[in-house]
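Sequence lines, in order, name chains A and B. Be aware that the first sequence starts at -17, since it is given in our numbering, and climbs by one per residue. Be aware that the second sequence starts at 350, since it is given in our numbering, and climbs by one per residue.
Keep in mind that a hint or two might mislead.
[Said to hold, decoys possible] Just so you have them, the derived chain B footprint on chain A, three or more residues with Cβ under 8 Å:
#	segment
1	-4 to 4
2	48 to 62
[As the list claims (entries may be wrong)] Listed below are the simulated DSS-like cross-link pairs for lysine-lysine, each with C-alpha atoms no more than 30 Å apart in a straight line:
#	chain 1	residue 1	chain 2	residue 2
3	B	Lys398	A	Lys72
4	A	Lys257	B	Lys376
5	B	Lys398	A	Lys73
6	B	Lys508	A	Lys369
7	B	Lys477	B	Lys376
Just so you know, the hints here were simulated from the structure itself, not pulled from any lab data. Every residue, glycine too, gets a C-beta built ideally from N, C-alpha and C.
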Amino acid sequence: MSTIPGKTIAEKIFSAHSGTDAYAGDIVVADVDFVMGQDGTTPLAIRALENMGVDEVFDPARVAVVMDHSSPSPIEGVSALHTMMREFGKKTGAKVYDVGCGVCHQLIPEAGHVVPGDLMVGCDSHTCTYGAVNVFSTGVGSTDGAAAMASGKLWFKVPDTMKVTYTGELRPGVFSKDLILALAGKIGADGATYMALEFHGPVIDALSVDARMTISNMAIEVGAKAGLMRADAKTLAWYEGRGDRAPQPVDPDADAVYASELVLDASAVGPQVAKPHAVDNVSPIEEVAGTPIAQGYIGTCTNGRLEDLEIAASILRGRKVHPDVRLIIAPASKQILLDAMEAGYIRDLVEAGAVMVSPGCGPCVGTHNGVPSDGENVISTANRNFKGRMGNSNAFIYLGSPAAVAASVIEGVITDPRQYFKGGE
Amino acid sequence: MALKAKAFKYGDDINTDYIISGKYKFKSNDMAAMSVHAMEELDPRYYEKVSPEGGFLVAGTNFGMGSSREQAPLVLIGSNTKAVLAKTFARIFYRNAINTGLPVVECDTDLIADGDELSLDLEAGVLKNLTQGTDIPFAPLPPVMAQLLADGGLVEHFKKHGGFAV
């Protein structure tokens, strides 16, 4: 019998990247495989690099900056910051994703910049998204990002891990968004602070890579540092033709030590909604059904992927958005836009009354593309509904799945989407 | 050296969107201009109240949750916030605060009322509530963070050591 305790995914990735035998609680300086920044955070990282006296990045092939949050630029101040990012790319050789390429959290895995087993940091809190493809990825601030861009290293506290197992199966009309909202409602906005989450179980195995990313994306909404999943055959198939580095999948040991374990029965989960103004203010959609809405939004790093557009199109095809409602859609990347055009989803959505905006963050962060008016209710597929998030402190944001948004914009009130799914209620 | 100032007390789960809203932070890299909007979603008069004499921002659990925006600690510094005292902090904000030189202290903030006069000596590890005449214990920073703060933040640490020396 071994007396050496087993390791979680996080402990294994940090061991491999720090050259130490790392366990939760250890402080390590680790090599990072990739560093990313977006247009709200990169300008401060560039300033920090200048202040450090550093004028190059550790490896131009391992650094990317993305214009997605306020893109194309709505005002001259943003234009100047975008120019600064383009010049940084020219000077250092770092990859620049210019306006219209899409949301950083779709582009980085889509381009194969990260592969299973990697450790990466991004100057954006939703960098935890790539946990879905077995990457320990976490959000950092601009100065940490600058240090990582300069040196290829960063210091970390190896986190404890909370193991979350979803048992049962998803019922018709219920999606991965509902699973992660249900978790947020259960454990709260600080339920996993300083910890990594590991998601397991037959429900996760059955999800597509797109749908898994929705769950890992929102790990930060319960305070987690990462939202990790195993790399399985689906993950590896997804990586075929992406990037030039081979995946190095990392499984947890059977005797890994978890700080806590939670088992959730997915069969008992219906469509969920996070109510204003907190992501953990979650209730079953029935409790808010009938609430009038003025705007719907489908997109973001949470739910702007092809499968999300497919679900929305399947509901809106041949139907019309309510005359008192605006529906705004931002595909998460240019590739997704092209694929959705090819599949006919964009035609379905636009004919139903949707307004397409550029691939990117869309109106999620309140800079452009659909700022709500005073007193208006919005239902959105995004990950945050804080007061003022979409640019108006006097608006009210509800979060749900793409199906919930699509069903709601037809009726003009928050609507249970299960009626559109065979076997739904 | 002890910092002395008044406590400005708020609640739990204060997110970085409330510390500095996205509608301001994406516009520019000018922190002085942005600082007048610090904490605006929660208290539109924060800058006006805190900036003349300086103050301690006192909060409950999970302070700084949400976005990774480093503009959050920077606008607090820009509004003359001497330190943030909270029961617990969100991870990214905590790192950003140390990296940018904003002191953060985890302590039982139930022992502080809005408007109390406080004195904080980080090196000595002493926090006093001068109004209530009490000492409030707090845990020291993890050694790696204490070193970064002592070097004057992460940029200065890098300049001094040419990389990580922790």
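- Query: Does the structure break any of the earlier hints, and which numbers would those be?
  - Reply: 1, 3, 5, 6, 7
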